[in-house]
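Residue strings, one per chain:
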Amino acid sequence: MKATVIVTPKKSVLDPQGEAVRKAIHGLGMDCVESVRIGRIIELEISGSDLVKTKAKLEEVAKDLLSNPVIEDYQIELK
Amino acid sequence: MKATVIVTPKKSVLDPQGEAVRKAIHGLGMDCVESVRIGRIIELEISGSDLVKTKAKLEEVAKDLLSNPVIEDYQIELK
Amino acid sequence: MKFVVLQFPGSNCDFDCFRAIDEVLQQPVRMAWHKDTHIEADETIIVPGGFSYGDYLRCGAIARFSPIMKSVKAAAERGQKVIGICNGFQILCEAGLLPGALVRNRKMHFICEHVTLRVESQETAFTTHYKKGQLLNIPIAHGEGCYVAQPDVLADLKANNQIIFRYADAHGQTSDAANPNGALENIAGICNKQRNVLGLMPHPERACEKLLGSTDGLPLFQSLLN
Amino acid sequence: MNEPAITPEIISKHGITPDEYERIQKILGRHPNFTELGIFSVMWSEHCSYKNSRLELKKFPTTGPRVLVKAGDENAGVLDIGDNMAVAFKIESHNHPSAVEPFQGAATGVGGILRDIFTMGARPVANLNSLRFGPIHGDSAQAKTNRRLLAGVVGGVAHYGNCFGTPTIGGDIYFDPSYNGNPLVNAFSLGLLRHDQIRKGAATGIGNPVFYVGAKTGRDGLAGAAFASRDLTEESKEDRPAVQVGDPFMQKLLLEACLELYENPEAVVGVQDMGAAGLTCSTCETASRGDSGIEVELDLVPQRETGMTPYEIMLSESQERMLIIVQKGHEDTVRKIFEKWDLDAAEIGFVTDTKRCVIKQHGKVVADIPAHALAAEAPLYKREAQEPSDLADRQSLDFTTAIPEPRDLQSILVRLLSAPSIASKRWIYRQYDHMVQKNTVLAPGSDAAVIRIPTGEGKVKFLSMASDCNGRYCWLDPREGAKIATAECCRNLTMTGATPLGLTDNLNFGNPHNKEVFWSLREAIEGMSEACRAFGIPVTGGNVSLYNQSPAGAIDPTPVVAVVGVIDQESHITPSAFRSAGDAILLVGGLGHEMGGSSYLYELHGLKKGLPPRMDLAKEIQFQNAVRSLIHLGKVRSAHDLSDGGLLVSLAECCFRTEEKGLGAKLNLTEDTLRSDVLFFNETQGRAVLSVALCDIDSSLAHFRAQGVEAIQIGLVAGDGRLSVSHAEQTSAWAVRDLEEAFEGSIPSAMD
Ligand SMILES: Nc1ncnc2c1ncn2[C@@H]1O[C@H](COP(=O)(O)OP(=O)(O)O)[C@@H](O)[C@H]1O
Ligand SMILES: [Mg+2]
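Residue numbers (this note's numbering), protein chains in the order written: chain A, 1 to 79; chain B, 80 to 158; chain C, 159 to 384; chain D, 385 to 1136.
It is possible that some hints are incorrect.
[Unchecked claim] Subject to a maximum C-alpha distance of 16 Å in a straight line, what follows is the list of computed EDC-like cross-link-like pairs (lysine to aspartate or glutamate):
hint : chain 1 : residue 1 : chain 2 : residue 2
1    : A       : K10       : B       : E122
2    : B       : K132      : A       : D31
3    : D       : K744      : D       : E731
4    : C       : K368      : D       : E954
5    : B       : K89       : C       : E271
6    : D       : K724      : C       : D310
7    : A       : K11       : D       : E689
8    : A       : K57       : B       : E122
9    : B       : K90       : A       : E45
10   : A       : K23       : D       : D726
11   : B       : K81       : A       : D31
12   : A       : K23       : D       : E954
13   : B       : K102      : A       : E45
14   : C       : K265      : B       : E98
15   : A       : K23       : B       : E113
16   : B       : K102      : A       : E77
17   : B       : K81       : A       : E34
18   : D       : K843      : C       : D310
Everything labelled a hint here was simulated from the structure, so no lab data went into it.
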């Protein structure tokens, strides 16, 4: 199986990295970029075939390890 | 417009971060995870409506700034 | 020999480099703000360590677009000497002045400590005061100093004798245990093909005074005076 | 915008008591609106007003010939170090934010204290951090949580300090179950400045513009100050949006821009950072100090999010922001400098003579409060104190019957060295850039850190600093524990050759409404005051963090102290590790005997019991003066104090980090009235092991005799990499390499 976990900063939380990149993009002449938010994408290869169980476990891993629920949201895709 | 740029480490390049996370996932008891690769997801809000022009410019930004072609691949989604 | 130290927003070893040149090496040196573009034809350029642009996105990724980097590129092409230390090394790689890239340390942590380096080549303007195989005590301080490169690039580096420093143990062995960050083949510093651009993760400017624990970094700067 | 009506629930949700509400009404002459209620609630929170501790804090000695800015007057105290140079330093807690989000909580804690320092006009040149966690070894859920907290906190301290470019050169850390669920994160920073560079935070000059510089305001850390002033409960996890994210890069720019601006003294009237309660605190405090008023239009405040209410803007704790009162006519100087550094600089208001803080939004007044009443007339409480009912039980211990004399010392020493509170902290400080700025002479790992201070014209001085506090001692006897913390910190400095100059403290305690907690707070303050008076060092500032409780109860009383001292000559700087084989080892300060509260009892027998060591301040000072003067005579090759774990632990530590030389020690103790475990592991204060060259033994011993300090030679530095001790016809020996492995391996074995 392949899973993708996308972790992004919560909307109301400061994303200094996104802000720095937005300015840099303006510096490259692309002023039309109004906001930038930067997250992580984690691609996993998983053995086994029990989708339901894997999903449940992955949910836990995403919450406890891959993201920081205080400041980030996550999304899981499993196929 | 909203654009998403996904930057992932090239297969042939060492991804110490992914490796460290794989080990940590095993530590949480999810041994079935065989490999982990960690990339960045960059979400942009863009003003204007010229899709073609924006796409071209974004392509340039993704190549020059958002990714490092030595170690990373990128993918753009624009809508 | 005249030196110029670049200053990016977030550079924090700029004054350390300045002081090493000014106070210890006692050579003329000036600072250049990243928005400036002027570099004298007889200046050796130091791209200092720190966290240019907060190390956001990738270390050095944003700094390489600073106006002064065009002048640095031009100067390098003219054969002027350029040293990138730590974040400076990362910037030079991002700017394409040096091959390869620097990624997160394999244990993910920032590491600040003295390490042993082995001099791999004396054949650069930066290393004439060292001997090949000499062991140096020089500190590192970085979170993303793991050097990586594609196999063909590595082959090139070797073929052209561009690997200048490797991490080694006290006996000079480039063992895995002596590799602080997981760098490919223990690589700590490389130069370009023309041998006038040097990048290294360790901080030679922090190893120029006995009081601070080592003087092994000083010969690097002294080499340039020849 | 419709604001909630003021109901008793809303009032109590803001942590305001009915009495306090009445006081607010009296000050305003009317009911407050919602925004004003929020403003009072943060300004009158414990964190900002010290309402529960201020009466006690008055007991500290705060004056002295070197004091240039006194404790409490500005953002940090300032001390003269000679040659027209001064240091500004302070410690600050970020315990509760770190419990909820360790990485960002610790990072913003470091950011906050750095801002306090450069607000004073100083460039930060050194950081320390004092940490407390629950135990990190084992498979329990609690141990896992503690490891996550430790990793996050250390990562956060490193992230901020490393990027900002100030070396983190030391600190202290202890592990104890009382910190489960309530870790302590205290960050210290020290900055350097010339006397004429001291900046103050007063708003004066009617009509002078008020500038807001730095990061934009968002809904970060809403009501963080109020949050830090409540018990940590399960629900406080729900408070999570209150966590702010730090941007050390932005702050580095802010530092450089501010220091550049200060080079134009004619342009700057006053400076105040925006810490807890951001805009509220900074406007009210500058107006209160200047005996003036301030009027601000919120529409002019740079904002990151849309639709923010006055309440949200005033209470936001967004980081990396400062308020600057500018001399009228110099606005462009400010704008130009901040533009160079790519920072916002917005003129948001002006100084008035109304003595009121008037806040407007869209031209309409949304808050109007007398500045002085708000900032300086917070209620003060004299809390009730009562000695803990079980104190006698805690302190009672019949050591000889409770603990059988061990047969051999072999494994005891190894276990002590691998106790995380004693073991090497390298795993931590290796993550901190402790060398940036190129002035670190003694790095973390020594008794105290030492940095070089250029004082102009090629001249240099050296500063030594350390932080400390043994919470176990304080739980057993807070008065004595606080004295010991102060004395031990000074002792650490003395070992490096330094003379202590001043102290900053962080009082970490539980809920002050608990009489026993308040008693321990009072005891600690009185003990620390007594010690400071004895050493002749002023308290230049500090921080109080109360409500450090988890469901299991209060933390051990933890009055952390950080002391700063000066070394005039390079040749006086003394390391703690042995230097050469053949040197003589002296034990100074006596053999000692006190076992109460010791690491031996705790780590080997699981006992947190007994009367902790007594602190005889006169004797301690006599001892430290004698060691320092011998160092200044150039006779001391190495000096290391005895603290947690006692004599053998200190001796082992003296042998470490001598890899290339492979040093050891050969000891012979002829004393035979003490049990071996008492002799080797007692924690009697005022003691140290020194090494001196053979030719200096007699004169050194004579020196101590003349000063009335006990000293004996106990052995020699060995070149065989072995530590061996003979006592009472028994010899124990260890390979230093094995001991060092236990010492170095302990924390990594839990964390990696
Ligand atoms: N949290 C920390 N951060 C940085 N350095 C630390 C920290 N904790 C301890 N250290 C360093 O480790 C060394 C040993 O500390 P400690 O065990 O408190 O020594 P001592 O018992 O002599 O006071 C000191 O140099 C101290 O600065
Ligand atoms: Mg200690």
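Tested hints:
no.	hint	result
1	A:K10 - B:E122	holds (13 Å)
2	B:K132 - A:D31	holds (13 Å)
3	D:K744 - D:E731	holds (14 Å)
4	C:K368 - D:E954	holds (12 Å)
5	B:K89 - C:E271	violated (30 Å)
6	D:K724 - C:D310	violated (43 Å)
7	A:K11 - D:E689	holds (10 Å)
8	A:K57 - B:E122	violated (27 Å)
9	B:K90 - A:E45	holds (13 Å)
10	A:K23 - D:D726	holds (10 Å)
11	B:K81 - A:D31	holds (14 Å)
12	A:K23 - D:E954	violated (46 Å)
13	B:K102 - A:E45	holds (13 Å)
14	C:K265 - B:E98	holds (9 Å)
15	A:K23 - B:E113	violated (38 Å)
16	B:K102 - A:E77	violated (21 Å)
17	B:K81 - A:E34	holds (10 Å)
18	D:K843 - C:D310	violated (52 Å)
Checked against the numbered hints above, the structure violates hints 5, 6, 8, 12, 15, 16 and 18; every other hint is satisfied.
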